[in-house]
Amino acid sequence: MTKEKFTTLRSTAVPLPIENIDTDQIIPARFLKATTREGFGDNLFRDWRYDSANQPKADFVLNNHSYSGKILVTGKNFGCGSSREHAAWAIYDYGFRVVISSFFADIFKNNALNNGLLPLVVSEAFLQHCFETIQQDPKTVMVVDLEHQVVSIGQRRESFDINPYKKTCLINGQDDIDYLLGLRESILQFDKAQQVITPLS
Amino acid sequence: MPKTIVEKIWDAHVVHRADGFPDALFIDRHFIHEVTSPQAFDGLRKRGIPVFNTRRTTATADHNVPTKDQHLPIKEALSRHQVETLRKNCKEFGVELYDLGHPFQGIVHIIGPELGLTLPGMTIVCGDSHTSTHGAFGAIAFGIGTSEVEQVLATQCVLQPRPKTMRIEINGKLGRGIVSKDIILYIISKISSSGATGYFVEYAGETIRGLSMEARMTICNMSIEMGARGGLIAPDETTFQYIRGRKFSPQGAAYDAAVANWKKLVTDEGAAYDKVLTFDAADIAPMITYGTNPGMGMRVTDRIPTAAELASLGDPTSYRNALSYMGLEEGTPILGRSIDYVFIGSCTNARIEDLRQVASLVKGKKRADGVEVWVVPGSKQVEAQARKEGLDRIFADAGFELRSPGCSACLGMNEDKVPAGKYCISTSNRNFEGRQGPRSRTFLASPLSAAAAAITGKVTDVRSWMETNE
Ligand code: SF4
Chain B
1 MTKEKFTTLR STAVPLPIEN IDTDQIIPAR FLKATTREGF GDNLFRDWRY DSANQPKADF
61 VLNNHSYSGK ILVTGKNFGC GSSREHAAWA IYDYGFRVVI SSFFADIFKN NALNNGLLPL
121 VVSEAFLQHC FETIQQDPKT VMVVDLEHQV VSIGQRRESF DINPYKKTCL INGQDDIDYL
181 LGLRESILQF DKAQQVITPL S
Chain G
1 MPKTIVEKIW DAHVVHRADG FPDALFIDRH FIHEVTSPQA FDGLRKRGIP VFNTRRTTAT
61 ADHNVPTKDQ HLPIKEALSR HQVETLRKNC KEFGVELYDL GHPFQGIVHI IGPELGLTLP
121 GMTIVCGDSH TSTHGAFGAI AFGIGTSEVE QVLATQCVLQ PRPKTMRIEI NGKLGRGIVS
181 KDIILYIISK ISSSGATGYF VEYAGETIRG LSMEARMTIC NMSIEMGARG GLIAPDETTF
241 QYIRGRKFSP QGAAYDAAVA NWKKLVTDEG AAYDKVLTFD AADIAPMITY GTNPGMGMRV
301 TDRIPTAAEL ASLGDPTSYR NALSYMGLEE GTPILGRSID YVFIGSCTNA RIEDLRQVAS
361 LVKGKKRADG VEVWVVPGSK QVEAQARKEG LDRIFADAGF ELRSPGCSAC LGMNEDKVPA
421 GKYCISTSNR NFEGRQGPRS RTFLASPLSA AAAAITGKVT DVRSWMETNE
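Sequences listed follow chains B and G, in order.
For the first sequence, the working numbering assigns the number 1 to the initial residue and increments by one for each residue that follows.
For the second sequence, the working numbering assigns the number 1 to the initial residue and increments by one for each residue that follows.
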């Protein structure tokens with residue numbers, strides 16, 4: 001599937017300074033019943049965003065209209081727990097294009113990258129600076145320059161790492177299947193050889 | 001160069017490796033279920049391509065299924081639709097499905113091993129994080145997202161960077177009443193819920209060697225709860241004996257040839273790991289979690305740590321929020337606290353051995369008043385075996401309900417939910433907020449601890465309880 005191409009993003013950001021946010025919080029299991037990829041944004045952080053009577057909770061950041069933007073800034077170990085890709089779909093569907101944290105869980109990171117959502121790892125110090133700056137002035141614009149691998153907020157900049165292949169995919173809006181389909185002949189041969197080692201019953 | 005078992009299996013499955021690219025890793029076995037596969041099949045349909053090799057994919061329905069009256073149509077429309085979609089997709093694409101009612105149906109990570117589909121040296125994936133369970137056989141097994149499910153269906157490969165390796169060694173003898181669930185809860189409590197992120201873990205040492213296959217699966221199952229991509233245990237005689245004669249495992253001469261190959265699946269002398277941790281079994285006690293991630297665990301006899309004691313673990317606000325969600329206070333004990341529900345089930349602890357342990361402990365006893373107890377077997381085969389051995393009668397006499405297989409109360413997705421504010425002692429793997437139903441509160445523990453709590457109605461130290469009941 002071809003995704004939106006990602007180059008440079010300038011946007012305000014939404015701060016969510018909580019650590020160890022698991023994918024059950026990002027999208028609770030009872031909302032995983034759809035058989036398409038769309039519409040998950042409505043239930044992003046459902047149980048933090050709405051009370052049991054489905055009323056928005058005033059103290060949750062997504063219900064605070066001072067904050068908006070395409071960048072979500074979160075505490076460390078974001079996306080741990082369940083492998084549900086629905087978490088990445090929900091964040092993307094809500095309108096975010098970048099999640100910034102000092103540490104991401106592995107599967108979430110892959111899922112995000114496979115859906116045109118950039119999981120951007122910064123230092124703990126830079127992360128704390130982001131939280132403070134955004135909370136002081138929610139209008140602060142952050143710049144994410146994927147090509148040069150630099151993120152900045154105000155005067156402060158930091159470079160970030162990304163696998164070069166994944167970077168190309170994001171910039172060109174390509175996905176892994178296109179790449180793997182190109183290896184089809186080698187895979188067919190590999191499969192045959194494997195069946196000699198472990199016969200399929 | 002000497003290699004770890006993880007590197008051996010990984011390297012033997014790389015179809016294509018190039019600088020700056022993740023490896024194209026060939027996948028021997030692919031398991032799918034109703035929740036994370038529909039969008040992947042849609043992707044194939046849009047591209048107009050078939051499943052690469054249907055014999056390498058096996059499907060079952062587990063997450064959404066009711067655990068009562070499974071012969072009736074699923075009541076909830078969206079769940080029913082998801083299971084029907086799986087049915088339709090498997091038919092259209094030619095994938096074997098162990099559907100509701102089939103004698104092989106069950107939780108995906110329980111049926112793979114019991115059918116002999118899970119074998120040493122394999123690469124195994126599933127759109128589910130607890131795929132790490134299959135690592136107990138000396139396989140590289142890990143969870144993937146739906147885009148990757150589509151990749152595997154389309155190409156039998158995933159694109160992944162070769163993981164870093166970690167060795168966790170446990171030596172010494174486990175005390176009475178302490179089982180493999182306690183070992184893994186103990187490890188996670190020591191290294192935190194992100195302590196193994198980026199690593200593939202090999203569990204080793206004499207304590208691990210002494211465990212049965214089922215106990216090993218419990219340990220590997222929860223590797224993901226410390227962030228690991230997966231966890232494995234090198235295969236040995238215990239493994240080979242377990243596999244022998246299983247439905248889809250190699251038979252006769254093919255089995256002997258396979259065993260000869262599997263014996264090579266060990267870490268070479270002198271191979272380097274990126275990280276090594278060592279623990280002493282004597283330090284492990286019956287464990288329980290008190291917070292909202294599996295790293296927040298302690299010995300059942302301990303007091304909940306104060307935020308000050310945990311200063312190094314990061315943000316005290318997140319910690320205090322977790323305790324307030326649980327309705328617990330720092331510095332206080334959990335032992336003796338009342339519980340409302342007991343859930344014995346999930347891909348962590350719903351195999352026949354788990355049910356046998358529970359039955360042996362509760363035989364001739366009754367559950368405490370006001371406590372609801374669900375025993376949910378991991379598969380149709382486990383259920384049948386339990387009935388054959390008469391465990392169902394022991395459970396019935398104790399007031400425990402033996403249900404039909406499925407993920408059940410492990411995740412609040414099907415009908416089995418723990419109500420808001422209620423406490424559940426659970427043999428599953430996650431205590432996240434709302435995991436067992438909106439605002440439910442979960443204590444993770446072993447099947448033995450859960451069984452003891454079912455009888456006393458309280459969080460109980462199973463060791464002292466075993467003594468007074470003999
Ligand atoms: S039992 Fe729980 S953890 Fe295991 S596959 Fe089902 S939902 Fe996931």
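Keep in mind the hints are simulated off the structure, nothing from the lab.
Careful, some of the hints might be misleading.
To be verified - Result set (PhoX-like, lysine-lysine): computed pairs, CA atoms no more than 25 Å apart in a straight line: (1) B:Lys192 x G:Lys68; (2) B:Lys192 x G:Lys247; (3) B:Lys5 x B:Lys57; (4) G:Lys164 x B:Lys167; (5) B:Lys192 x G:Lys263; (6) G:Lys8 x B:Lys33; (7) G:Lys46 x B:Lys33; (8) G:Lys164 x G:Lys275; (9) B:Lys5 x G:Lys263.
Unchecked claim - The calculated label-pair distances, taken between Cβ atoms and stated as ranges, are: (10) B:Ala193 x G:Glu269: 39 to 45 Å; (11) G:Glu237 x B:Ser52: 33 to 39 Å; (12) B:Glu147 x G:Arg244: 53 to 59 Å; (13) G:Lys164 x B:Ala193: 23 to 29 Å; (14) G:Asp274 x B:Thr168: 23 to 29 Å; (15) G:Phe93 x B:Gln195: 28 to 34 Å.
The beta-carbon is built from N, C-alpha and C at its ideal position, and this holds for glycine as well.
Against the earlier hints, flag every one the structure doesn't satisfy and list their numbers going up.
Checked against the structure, the hints that fail are numbers 1, 3, 6, 9, 10, 11, 15, while the rest are satisfied.
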